[in-house]
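So the chains spell out like this:
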Amino acid sequence: MLIRAKATTALLAACGLAVGGCGGGGPQSSSERITNGKVVLAVLNDQSGVYADLSGKNSVEAVKLAVADYQKKYGDAAVAKTIEVVSADHQNKPDIANNKAQELYDRQRADVILDVPTSSAALAVATQAAAKKRLFIAVSPATTALTGKACNKYTFHYAYDTWMLANGTGRTVTQQGAREWYIVYPDYAFGQDMEKSFTQAIQSAGGHVIAADPTPFPNDNFSTFLIKATTLKPKPQVLGTMQAGGDLVNLVKQYNQFRLREQGITLSTGLMFITDIHSLGPDAFAGTQFTDAWYWNFDERNRQWADRFTAATGTRPSFAHAANYSAALQYLEAVQRAGTDDADAVVTAMEGYTFDDVFARHAAIRAADHRVTHDVYLAEVKPKADVTRDWDYEKIVQTIPADRAFRPVAESAAAGCTLG
Amino acid sequence: MIRWLLTRIATGSPWARYGLLLAGLLLAGSLPWFVYPPVAMDIACWALFAMSLDLLLGYTGLLSFGHAAFWGGSAYVTGVVAIRSGLPFPVAVLAGTAAAMLLAVPIGYLATRRTGIYFAMVTLAFAQMLYFVANQWRDLTGGENGLQGVPRFLPGVDLSDPFYFYYAGLPMVLAGIWVAWRIVHSPFGHVLVAVRDNPARARALGYPVVRYKVTVFVLSAGLAGLAGGVFAISHGFASLEDVYWTTSGQVVMISILGGIGTLWGSVLGAILVVRLQDALAMSGFDGIGIVTGSIFVAVILLFRHGLWGTTRDLLASARTRLDAGRLAGSPHTERPHELAADGQVVQPQR
Numbered sequence: 264m265l266i267r268a269k270a271t272t273a274l275l276a277a278c279g280l281a282v283g284g285c286g287g288g289g290p291q292s293s294s295e296r297i298t299n300g301k302v303v304l305a306v307l308n309d310q311s312g313v314y315a316d317l318s319g320k321n322s323v324e325a326v327k328l329a330v331a332d333y334q335k336k337y338g339d340a341a342v343a344k345t346i347e348v349v350s351a352d353h354q355n356k357p358d359i360a361n362n363k364a365q366e367l368y369d370r371q372r373a374d375v376i377l378d379v380p381t382s383s384a385a386l387a388v389a390t391q392a393a394a395k396k397r398l399f400i401a402v403s404p405a406t407t408a409l410t411g412k413a414c415n416k417y418t419f420h421y422a423y424d425t426w427m428l429a430n431g432t433g434r435t436v437t438q439q440g441a442r443e444w445y446i447v448y449p450d451y452a453f454g455q456d457m458e459k460s461f462t463q464a465i466q467s468a469g470g471h472v473i474a475a476d477p478t479p480f481p482n483d484n485f486s487t488f489l490i491k492a493t494t495l496k497p498k499p500q501v502l503g504t505m506q507a508g509g510d511l512v513n514l515v516k517q518y519n520q521f522r523l524r525e526q527g528i529t530l531s532t533g534l535m536f537i538t539d540i541h542s543l544g545p546d547a548f549a550g551t552q553f554t555d556a557w558y559w560n561f562d563e564r565n566r567q568w569a570d571r572f573t574a575a576t577g578t579r580p581s582f583a584h585a586a587n588y589s590a591a592l593q594y595l596e597a598v599q600r601a602g603t604d605d606a607d608a609v610v611t612a613m614e615g616y617t618f619d620d621v622f623a624r625h626a627a628i629r630a631a632d633h634r635v636t637h638d639v640y641l642a643e644v645k646p647k648a649d650v651t652r653d654w655d656y657e658k659i660v661q662t663i664p665a666d667r668a669f670r671p672v673a674e675s676a677a678a679g680c681t682l683g
Numbered sequence: 208m209i210r211w212l213l214t215r216i217a218t219g220s221p222w223a224r225y226g227l228l229l230a231g232l233l234l235a236g237s238l239p240w241f242v243y244p245p246v247a248m249d250i251a252c253w254a255l256f257a258m259s260l261d262l263l264l265g266y267t268g269l270l271s272f273g274h275a276a277f278w279g280g281s282a283y284v285t286g287v288v289a290i291r292s293g294l295p296f297p298v299a300v301l302a303g304t305a306a307a308m309l310l311a312v313p314i315g316y317l318a319t320r321r322t323g324i325y326f327a328m329v330t331l332a333f334a335q336m337l338y339f340v341a342n343q344w345r346d347l348t349g350g351e352n353g354l355q356g357v358p359r360f361l362p363g364v365d366l367s368d369p370f371y372f373y374y375a376g377l378p379m380v381l382a383g384i385w386v387a388w389r390i391v392h393s394p395f396g397h398v399l400v401a402v403r404d405n406p407a408r409a410r411a412l413g414y415p416v417v418r419y420k421v422t423v424f425v426l427s428a429g430l431a432g433l434a435g436g437v438f439a440i441s442h443g444f445a446s447l448e449d450v451y452w453t454t455s456g457q458v459v460m461i462s463i464l465g466g467i468g469t470l471w472g473s474v475l476g477a478i479l480v481v482r483l484q485d486a487l488a489m490s491g492f493d494g495i496g497i498v499t500g501s502i503f504v505a506v507i508l509l510f511r512h513g514l515w516g517t518t519r520d521l522l523a524s525a526r527t528r529l530d531a532g533r534l535a536g537s538p539h540t541e542r543p544h545e546l547a548a549d550g551q552v553v554q555p556q557r
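Chains as they are written, first to last, in my numbering: chain X, 264 to 683; chain S, 208 to 557.
Chain S on its own, in the form it takes in the complex (with noise of 0.2 Å):
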């Protein structure tokens, strides 16, 4: 049974495929069941939130080491519209989400000018930025006390409970899973993919690289912008901590843990080091530091491409196999074009 499901899997069947969605989906639904709400919440938001920016380390191969600046910009702006206005909750997170892309514009024009550790210095100094005209502007953000009872206001419905929160929130993050997974598999993103492995041949090509590296940037904000503004309503609060470097420095960790280039493998990060944390606090043990760093060092040193990379080379030279196996039958068999674009090694740029 198992085998033949890996089976499907590694032959990329579209059964397979569905199946794995439906699993995916599934997850999603009843995760509020088995682990506690509001935890099941922030793995969501940091899910998607590692997943903008495996957009653009994982797909275009810019290390943004300023993510933070995205994700605490849209949790303020957020608060800030909820507290004042009085709207709806979806709105006021759609409203973080474009003052997210707005604040990427001139942030990505600027740092796409430069590639490599360049570009995350720009990133990070950007984001440090933020941090202290959020830290000062203490009317607006409430400074160190950060901006506090954000309301979660949804017409008709009573939403103080975590448990309904979550399914309320929950669209929105998928939502926004599916522009991700939309990008990487649309001509655009195979671009991006073009752009990373070697950009001077997609300018020989005709593609105006660094508009694209800014659009992508962007969108990538965007995405980081709906999962802060999600995190921001889901704990009744917007702080300085949203925006300091930790937590851009915590996104890229997610990302790497689960495997960059891999869109999903975001999810798994997210889930492994939401739910490590939230069980070494609850445990009362005090050094959560160690345990992740000892992990991601145990990752990076054992399985390059992440928990999902790895598990998905795994498959694919299992494939390899079967392939190699079927070719000898029925010499006519094509691999499918989209997993040999996929499936590739990644290599981030310098």
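Here chain X stands alone, though its shape is the one from the complex (with noise of 0.2 Å):
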């Protein structure tokens, strides 16, 4: 039944094509304010591997949650009627996540691809939005190459990025003190990306870097470099961790094993996410200061969404899930805006877009390189006697206001960003 109406639609679509001669791409008719009477979201990430509890299937149900906010708040009025959210899994792999993006955007017609962490997978998507002309929005991938050599006009950069996080954490952590690092990275685009923006950050703020080594991605044996960590000369004051997700959590697992706190080597995380704290608990991080695009607990309506998130998964937001939600709204407030799903219409309608949301406050979608700012947080792990409630872990430290935290434009143009 199924492979039927597959193969009569391959045969309308044959005939389609047949009669459209060699034009390429599908029938778009101008009059169409509507690509195929309905907006089609499409989520693509991680849905069972290492990245699935920080982002996975309940960012789906937090682009949900956007689609109904949406739908409440324009109703009739509302330019996209019909709505549809569709999801795949990548498995962390950029060949997976390119197959899988050209087929969202032709067999899907998904209007936008969201999320999409690993930043090896993200490139991939970007080079398949360019060509197919549609967007993505890249929520959970860091690497700063999205906004630089790899930047054009259908990708926008979310939630963070590795430049946020290493001016963030990385400049902090060095001024308060701690100035030899030993650095250890997943070794793919966002490891080498991390540590290139670590490194200057720690270097700029007057530390140094004893060592930096890749590890292999996933990973879940870690000894060889937490035993290297103890024999470096000088002796690192920091171990810098550019871990994420299920690595991450292995990772900071054998660092207590190993007692290197002990040792007098502190720990240092340049990315980590609520659920990394959730699943090893407190108590292994507490102390760790790191940089946060996000945190549930921060103020009355963070909590007001949490809650409202929380019913629909029975599990507590990582800033991903929220920056998801955040970057769904904002792409139907611009078809919204344009009046119609085209992507050059939409693209128009974001740039240069200013607005304060649940996610991004004080945001701004940039023109010159396509990076959405908003002010992010300081973050610190608090230690478990700290704890009040569930999930209640961290500690705003202090607010990174977003014109400071984010890469300069004049750094993306220098990267190689030209867009405009």
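Watch out, some of these pointers could steer you wrong.
Claimed, not checked - Computed spacing ranges between beta-carbons, pair by pair:
#, chain 1, residue 1, chain 2, residue 2, range
1, S, D346, X, T487, 23 to 31 Å
2, X, R524, S, W344, 35 to 43 Å
3, X, T493, S, A505, 52 to 60 Å
4, X, P479, S, V498, 25 to 33 Å
5, S, I324, X, G577, 45 to 53 Å
As the list claims (entries may be wrong) - Just a sample of chain X residues kept apart from chain S, beta carbon distances all over 10 Å, derived:
#, residue
6, G300
7, A387
8, A441
9, T493
10, D655
For the record, the hints were derived by calculation from the structure and aren't laboratory data.
The C-beta atom is built at its ideal place from N, Cα and C for all residues, glycine as well.
Assembly of the complex is requested from the two constituent chains, each provided in isolation within its own frame, with the hints serving as guidance.
Put into structure tokens, the structure is as follows:
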């Protein structure tokens, strides 16, 4: 039945192609305000691997919340009358992400792809977005290449990036007196970029990176690197780990087993999600400072949204969940302003827009490099004794205002981004 | 009607063969009308890849468990050439093919000194070496990120739509399939079968066995490289997955599912496996490995000679019966010589 339906669709599509001649692409009449009669939001992320907890299927729920909010706000006046949310699992592999993105755009008629953790996968999706001329809002990948040499008209970078993390964590920790660093990073686009950004931030704050080692990704056993940390000369004061998700959890477990903290080597994490703290318990991380893009228990507005999210999923939101909600909402708002889901019109509606929502405070979408800027936070993990309720793991030390939190436009241009 | 057709096929009538060939070409030409065009291209590439393996496994009795080295090696070379030179894609693919064949010379020279499981392990080891080279040589291959944004350039033609690219890539694959068919049906191919069945006797007859093995290894690598190059252009991407051992494993599986020593079985196997993976992925089902694995086990248990091989065996027994009937009438009917060589039961060597 399904196969027959598919064959019929394929046949119809093929007939359409034959009639349309060598025009290529799907037929699009300009009078049609919403292509295919519906807006399709596609969430492409890791649904079973090391990044499944920090984003995964719950991000699909977050996007559904955004759709509900959009429909409630505009009712009959909504430009996007029918909204469909689809999702796919890219298993953190760039080749699978490449194929899935192509399929989402072609077969599922996705108007926008959201999320895509794992930088290497995100770069592949950005290439597809440019080729298919459809939107990609990169929510949970971190590489600054998305607003550097890989930037393009249809790609936006939403929640955070390696520059923002290094600027928050690397600089602050170094200025607090931890000058000697040993960095370990996962050996793919994200880790390589993190290592570069952190080294820059540490050096500009007067610190020194003794050694930086790549690790396989994903990886279970970090003992080689943990032993090496103790034998380095001079002895590092900080072990800077750029691992994320399940890898970070593994590394921290082993860091505690090897008792490095007792040997005077403190831990600093490049990227941490609240789901990581939850899976090991706050004591494993207590005192660790890190940069957070959003915290659910920051204020009343966040708590209210977090409660809605918890009602839908049974767990507390990480910043990636909130950012996916926000990205979907802002995309739909842009469709509303543009009056169509035509990709070029939506891009124009998004560029230069300033807004403030539950995730993104004092936010702006930069036209020059498509970086979305917003307030970010320097957070510290509370010791277990201070945790008063479930998931209440963080103390916000300082708010880094939106205009200082992200890489300046000039640096993006220097990195090779030539939009507009 | 069908009975008549089957009878023609079973008796090896040339008209039936042309009919089958025409049907095959029609299927190849109309594939992207029925399946998603990139998937259609995948089927074509995997079919040629499996065929290249079948040259070794089915016709020479050598199980290569490192064919991903040639498929993926060519994918990287094709990608690098296409990105850096901006030449039309067929040139890039041919460069990849040539690179795969060059790579196959030392590997084949060393690996063919051994047979059976040792041969498989040596090829696997070389493929894994290439995997780590591709992983570490980041400037050239992009390491874990893969080689992204491989262009599909052909002067004067817009190939951005995968539907049109299929028709641009298909002739290259068909040419590869034709080469494989020529190899099998040449005197060289017959010597290969002799080497497979009894290497000592082949040597005694004066055939340089090792040289034959190395030659077919290099040819096979070239065809795998051709398929890998088209695959990389089709996806606009070359990744570590292409040189990983799972890719070597998948092509062995496709070849065995279709039936080794049959060539055309590889096409059946590729259609089955690629379509199945696509359908399962689209339905959001996670256990792709379980389903393809179960089918593999079932085919091995029930159809010893694969899908094509079993069909051919059934037709062969039908032919024997027909021949028996005809022999009663006219005692001088000869069985076609070629089919006798081709229709043998394949027993890969240890």
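Hints, one by one, checked against the model:
1. One distance hint, 23 to 31 Å for the beta-carbon pair D346/S and T487/X, holds here, with the actual separation near 25 Å.
2. Remark: the range hint 35 to 43 Å for R524/X to W344/S is upheld by a beta-carbon distance near 38 Å.
3. Taken as a hint, the range 52 to 60 Å holds for the pair T493/X and A505/S, whose Cβ atoms sit roughly 54 Å apart.
4. The hinted range of 25 to 33 Å is satisfied by P479/X and V498/S, whose Cβ atoms lie roughly 29 Å apart.
5. A hinted range of 45 to 53 Å holds for the C-beta pair I324/S and G577/X, which are about 51 Å apart.
6. Every CB of chain S lies more than 10 Å from the CB of G300/X, the least distance being 21 Å, so the non-interface label holds.
7. Distance to chain S contradicts A387/X as a non-interface residue, since its nearest Cβ pair spans about 6 Å, not more than 10 Å.
8. The Cβ of A441/X lies farther than 10 Å from every Cβ of chain S, with a closest approach of about 29 Å, so its non-interface assignment holds.
9. Look at T493/X: its CB is around 27 Å from the nearest CB on chain S, clear of 10 Å, so calling it non-interface holds up.
10. Distance to chain S confirms D655/X as a non-interface residue, since its nearest Cβ pair spans about 34 Å, more than 10 Å.
Hint check: a violation occurs at hint 7 only; the rest are consistent with the structure.
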